[in-house]
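Produce the entire structure from the sequences given, and follow the hints as far as they go.
What follows is each chain in one-letter form.
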Amino acid sequence: MSIRERLSGNEAIATAMRQIDPDVFAAFPITPSTEIPQYFAQYVADGKVGTEYVTVESEHSSMSTCIGASAAGARAVTATSSAGLAFMYEVLYVAASSRLPITLACVNRTLTGPININNDHSDSMGARDSGWLQIYAENNQEAYDNYLQAMRISEHPDVRLPIMICQDGFITSHAVENILLESDEDVKKFVGEYHPEHALMGRDHPLAVGPYDSCPFCMEHKVQQAEAMKNAKKVILDVAADFEKTFGRKYGFFEEYRMEDAEVALVLIGSTAGTAKACVEKLRAQGVKAGLVKIRVFRPFPMEELAQALKNVKAVAVMDKSEGYSGCGGPLFAETRSACYDLPTPPKMVDVVYGLAGRDCAVEDIEKVYRHLLKIVETGEVGPRYIHFGQRSSQEEVL
Amino acid sequence: MSETMTEIRWHGRGGQGAKTACLLLADAAFASGKYVQGFPEYGPERMGVPITAYNRISSVPCTIHSNIYNPDYVVVVDESLLSSVDVTAGLSPEGAVVINSPRSPEELRPLLRGYTGGVYTIDARSISEKYLGRYFPNTPMLAAIVKVSRVLEPERFVADMEASFHHKFATKPQVIEGNMKCLTESMKEVRGA
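Order-wise, the sequence lines are chains V and D. Under the numbering used here, residues 1 to 399 are what the first sequence spells out, in order. Under the numbering used here, residues 1 to 193 are what the second sequence spells out, in order.
FYI, nobody ran anything at the bench for these hints, they're computed from the structure. The beta-carbon is built from N, C-alpha and C at its ideal position, and this holds for glycine as well. It cannot be assumed that every hint is accurate.
Claimed, not checked - In silico DSBU-like cross-links for lysine-lysine, where the CA-CA straight-line distance does not exceed 35 Å: (1) V:188 to D:168; (2) V:348 to V:48; (3) D:181 to D:168; (4) V:48 to D:172; (5) V:189 to V:230; (6) D:168 to V:189; (7) V:250 to V:348; (8) V:375 to V:311; (9) V:234 to V:311; (10) D:168 to V:48; (11) V:314 to V:348; (12) V:311 to V:348.
Claimed, not checked - Just a sample of chain D residues kept apart from chain V, beta carbon distances all over 12 Å, derived: (13) 36; (14) 130; (15) 154.
See the structure below:
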């Protein structure tokens with residue numbers, strides 16, 4: 001029986017962590033994820049968890065602590081945002097290539113500079129090629145549910161990769177909303193214990209972690225890592241199926257909202273999906289066949305499945321909440337357009353970069369994007385493929 | 001105001017407790033069975049800078065995650081904001097603004113840039129200083145907005161808040177009575193139309 005509560009996204013993650021009671025939490029605070037180590041420190045002080053709570057002097061050290069702990073066979077977690085994630089950059093790759101199933105709660109905040117504390121996805125998108133699994137949430141409930149599924153995915157013998165559980169800074173992390181929690185006992189039972197096959201502390205099977213990998217072997221290890229990323233797809237779906245059976249809430253690679261007959265659709269990530277759903281309902285009431293695909297799993301990227309979801313749509317706007325500075329669109333656009341390349345008749349597609357550094361996005365804004373797509377369908381003209389949306393000056397606006 | 005959802009915007013200054021009041025309202029609405037959102041909008045985090053916080057209170061789940069541009073009600077925790085912030089921007093003429101001020105609604109209406117809806121005032125400073133001995137405007141402002149908006153049933157709200165204070169102030173029960181007095185006095189004294 002689920003427990004009716006109201007919590008912010010940060011409280012939801014801290015609660016999940018308390019229920020799981022990991023072996024090691026390496027803590028260094030940064031806005032807007034600071035509350036996670038803050039709440040967790042209280043649980044440690046109150047004796048509610050048996051976790052070794054390690055306060056370090058930087059995020060490079062918090063990730064390094066997780067790496068050491070995980071290599072020793074412990075279940076290690078941390079939380080960070082923005083520049084904190086960027087400061088971990090070098091060791092993110094070490095964690096992934098050493099196949100250490102560390103769980104990182106990423107509370108998405110824009111990367112400096114200019115310095116700004118608000119939400120966009122530039123921090124975790126910058127780490128998209130680091131070999132970490134990445135799962136994103138629309139709200140506090142999904143952040144909690146994704147966290148409960150994280151370790152079973154990441155620790156699975158076919159995967160053994162670290163995982164980022166992402167949520168939108170402030171919009172989700174600091175918004176108090178209704179949530180359904182599960183009992184401590186049910187959570188512990190679902191997540192299970194971690195018994196790695198190999199660990200530094202396993203005296204019967206001595207091993208080294210992180211030695212120099214010479215040319216005759218290093219490529220093979222990277223290929224194994226790539227295979228593990230591919231294997232994660234099945235594991236993610238298996239864990240989601242068991243989660244649904246256990247707790248009743250359904251998850252997949254992405255959520256398709258009113259896509260059954262959609263002619264125009266958005267593809268986006270995170271809290272904006274909720275706002276877009278309200279817009280879809282508004283447009284559907286006017287007879288517009290609008291739909292939405294909310295990406296939950298970005299790494300591994302569900303390429304074939306996304307193409308299937310979009311194959312009958314006439315025009316798609318990919319909404320990127322990070323500016324990749326590629327000169328030709330954001331990272332979600334690149335992936336989505338690539339996914340649709342093999343379709344016999346791919347949808348017309350534009351990239352709408354929005355919401356940078358906390359620029360708000362309301363239902364009326366989303367409606368403008370759908371109206372733009374309807375115009376593309378009507379005229380057959382795509383126009384500019386790479387648009388920045390929501391700027392101060394209306395002269396700069398395409399939509 | 002839609003049939004199912006009420007949207008409220010709070011204007012205050014950093015350190016005055018507008019965010020706390022917003023979250024307390026979300027708590028109280030949650031206790032009465034509603035779907036709630038309570039969230040702050042952060043700029044530079046410093047004492048005294050203008051801050052905004054928002055509530056959506058709904059009988060059905062709400063998925064919208066944007067700021068509120070057309071609120072049903074506005075709460076102004078610091079009267080001095082009236083000269084620098086357009087507090088009634090987008091505010092429904094069927095709704096109301098509730099301002100922390102010893103002045104009358106008639107005196108303040110000319111400062112509201114032509115707003116035609118309800119204007120209410122409450123002297124949260126006097127009430128807070130009388131019952132708490134210090135200036136904590138958030139509890140009286142919370143009570144005033146509940147009274148004016150009727151977003152929650154007032155008697156149930158008072159009972160829920162008492163339970164909440166007993167939990168929140170478990171280690172300093174001496175402040176519970178003062179806070180309850182702040183609530184009930186504010187509900188009596190808020191004036192306007």
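- Message: residue 250 of chain V and residue 348 of chain V were given as a pair; does the straight-line alpha-carbon distance stay at or below 35 Å?
- Response: 30 Å, holds
- Task: Against chain V, does residue 36 of chain D hold up as non-interface, every C-beta pair farther apart than 12 Å?
- Result: 6 Å, violated
- Query: Checking the smallest CB distance to chain V, is residue 130 of chain D really beyond 12 Å?
  - Reply: 30 Å, holds
- Task: Verify the proposed pairing of residue 375 of chain V with residue 311 of chain V, using a straight-line Cα cut of 35 Å.
- Result: Between residue 375 of chain V and residue 311 of chain V the Cα gap is close to 19 Å, so the pair holds against 35 Å.
- Between residue 234 of chain V and residue 311 of chain V, is the straight-line Cα distance small enough, at 35 Å or below? Holds, at about 22 Å.
- Query: Does the alpha-carbon distance linking residue 311 of chain V and residue 348 of chain V stay inside the 35 Å limit?
  - Reply: Given that 35 Å is the threshold and the Cα spacing comes to 11 Å, the pair holds.
- Message: Check whether the Cα positions of residue 348 of chain V and residue 48 of chain V lie no farther apart than 35 Å.
- Response: 53 Å, violated
- Message: Verify this label for me: residue 154 of chain D is non-interface relative to chain V, using a Cβ-Cβ cutoff of 12 Å.
- Response: The claim holds: residue 154 of chain D sits with its nearest Cβ about 21 Å from chain V, beyond 12 Å.
- Item | Distance restraint between residue 189 of chain V and residue 230 of chain V, which requires alpha-carbon spacing of 35 Å or less | 27 Å, holds
- Message: What's the verdict on residue 314 of chain V and residue 348 of chain V, does the C-alpha distance respect the 35 Å limit or exceed it?
- Response: 6 Å, holds
- Message: With the threshold set at 35 Å, check whether the alpha-carbon distance from residue 168 of chain D to residue 189 of chain V stays at or below it.
- Response: 31 Å, holds
- Query: Within 35 Å, alpha carbon to alpha carbon, are residue 48 of chain V and residue 172 of chain D?
  - Reply: Roughly 23 Å between the alpha carbons, so the hint for residue 48 of chain V and residue 172 of chain D holds.
Of the numbered hints listed earlier, those contradicted by the structure are 2, 13.
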